[in-house]
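Visitor: What follows is the residue order along each chain.
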Amino acid sequence: MARPESLGEFEQTVLLAILRLSDNAYGVTIRREIMECARREPAPGALYTTLDRMEGKGLVRSRIGDPSPQRGGRAKRYFVVTTKGRAAIVNAQRLFRRLLEGLDLFGGANA
Amino acid sequence: MRSGFVAEWILTRFTTRSRAASIVGDLFESRSEKGTLWFWRSVAGIVLAVAWRRPLAFAAAFYLGLHALGALQMPIYGMYAAHRPPQEWMPMFAVLSGLGMVLWMAAPYVAIRFGLRDSFAQIALVFGGLVTIIIFYWWVPAVLAACLVLAFSLITTSISVARRRRALLALAIATAFGFGGGLLAFYLAGLYQNHLYPGPVAEINSRLINWGVPLLATWILATACSRMHRLLLGRDLGDPEADLRIKLDS
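These protein sequence lines map, in sequence, to chains Z and X.
Sequence positions in the first sequence follow the working numbering and run 1 to 111.
Sequence positions in the second sequence follow the working numbering and run 1001 to 1250.
Since the hints were derived computationally from the structure, they do not count as laboratory data.
Cβ coordinates follow ideal geometry from the N, Cα and C atoms, glycine included.
Hints may contain errors.
Claimed, not checked - Ranges between beta-carbon positions, derived for each pair:
#1 1033/X to 23/Z: 49 to 59 Å
#2 1154/X to 20/Z: 38 to 48 Å
#3 65/Z to 1151/X: 43 to 53 Å
#4 1173/X to 94/Z: 26 to 36 Å
#5 1056/X to 107/Z: 45 to 55 Å
#6 1151/X to 100/Z: 49 to 59 Å
#7 94/Z to 1227/X: 50 to 60 Å
#8 82/Z to 1154/X: 28 to 38 Å
#9 22/Z to 1142/X: 35 to 45 Å
#10 104/Z to 1116/X: 34 to 44 Å
#11 38/Z to 1137/X: 53 to 63 Å
Unchecked claim - Counterexamples of contact, computed for chain X against chain Z with all Cβ distances above 12 Å:
#12 1018
#13 1031
#14 1038
#15 1043
#16 1141
#17 1148
#18 1180
#19 1211
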């Protein structure tokens, strides 16, 4: 079996945002979701290059939606996480869980 | 509305048309709450994020190409004197060193632009390495045979895998353009030299040729590499170019 793709921190953030948005994940909503959940505003350049790179790796797939007047007649590009992307994020989160086991980071002095 | 078309036109220089349109659409949607300044700052940020690899890749190709030309021609003429192969081999070695130079321009260019995991970059690096070994050790029969067997097996295995087949085709076409571009650059420089006259301008003119020839050759090769990668290995399956990729795969 092939080893799941290793992910950077921002790649994980973007993948989780796409999963949370299910079938309404496109540039604007992904940015908004990251801003609301992670309390940080991703630079548009970083977001689009990350999406492009992840699509190249086969972690996400995109499809073009219908054009709308509020976007100047331009279509949205919707993203969905592929099976490979899901496996990669599950693997990354499992690794974090294993490393967190036995640590009391959320209590005591670090809380 | 006009700014949208301008932004889309700028982004299309660095990415596919459909991708540029969807990005500008996203920025347009947020513009009403964030303002025009944010819109243009975002366009500039995206261009910078998408395009920083291009000038770096071009500079690396230019520098390594010049370096490779010198490094590959030295052993050919140096070792020729020592080992004296038949006279007829010389044109073949001259072509081989030109090929090596083109491959050592293409390899860093595609490796920086598209990453080391890209099959185009990997194939260019392997063939660049093989040509270099052949140039340096052509008189050792075992090394020469091993390189030829490796090149042949790489070609045959690449043909059976769709993405590698397309990468091989992209490299072949880009190399042909690079080689032709180099010859064209030298030809143009030769024509230009006929119009030189002695005097203070001659110094400027000779510098123009010294820099202009490799710059023109690098530009032709870089353009061929980018176009071939986009046409044969591009990721955007929403493009009409994808039809060609599907045809090549089947």
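Visitor: State for each hint whether it applies.
Guide: Status of each hint after checking the structure:
In this structure, residue 1033/X and residue 23/Z break the distance hint of 49 to 59 Å, their C-beta atoms being roughly 24 Å apart. Restraint check, residue 1154/X to residue 20/Z: a C-beta distance of roughly 44 Å satisfies the suggested window 38 to 48 Å. Taken as a hint, the range 43 to 53 Å holds for the pair residue 65/Z and residue 1151/X, whose Cβ atoms sit roughly 46 Å apart. Remark: the range hint 26 to 36 Å for residue 1173/X to residue 94/Z is contradicted by a beta-carbon distance near 44 Å.
Against the hinted window of 45 to 55 Å, the Cβ-Cβ separation of residue 1056/X and residue 107/Z comes to about 47 Å, which satisfies the hint. Evaluation of the 49 to 59 Å hint for residue 1151/X and residue 100/Z yields a pass: the beta carbon distance comes to about 50 Å. Between residue 94/Z and residue 1227/X the beta carbons are some 42 Å apart, a value that contradicts the proposed interval 50 to 60 Å. A C-beta distance of roughly 30 Å is found between residue 82/Z and residue 1154/X, which places it inside the suggested range of 28 to 38 Å.
Evaluation of the 35 to 45 Å hint for residue 22/Z and residue 1142/X yields a failure: the beta carbon distance comes to about 60 Å. Remark: the range hint 34 to 44 Å for residue 104/Z to residue 1116/X is upheld by a beta-carbon distance near 41 Å. For residue 38/Z paired with residue 1137/X, a C-beta distance near 55 Å keeps the hint of 53 to 63 Å intact. A beta-carbon of chain Z is positioned within 12 Å of the beta-carbon of residue 1018/X; the least distance is around 6 Å.
Chain Z draws residue 1031/X into its interface by the beta-carbon criterion, the shortest separation being 9 Å against a cut-off of 12 Å. Residue 1038/X, annotated as away from the interface, has a beta carbon of chain Z within 12 Å; the closest lies near 9 Å. At roughly 8 Å, the least C-beta separation between residue 1043/X and chain Z is not larger than 12 Å, which violates its mark as non-interface. Every C-beta of chain Z lies more than 12 Å from that of residue 1141/X, the closest at about 40 Å, which supports listing it as non-interface.
Against the 12 Å criterion, residue 1148/X stays outside the reach of chain Z, whose nearest CB is about 33 Å from its own CB. Even its closest Cβ contact with chain Z, about 30 Å, leaves residue 1180/X beyond 12 Å, as expected for a residue assigned away from the interface. Every beta carbon of chain Z lies more than 12 Å from that of residue 1211/X, the smallest distance being close to 32 Å; the non-interface claim holds.
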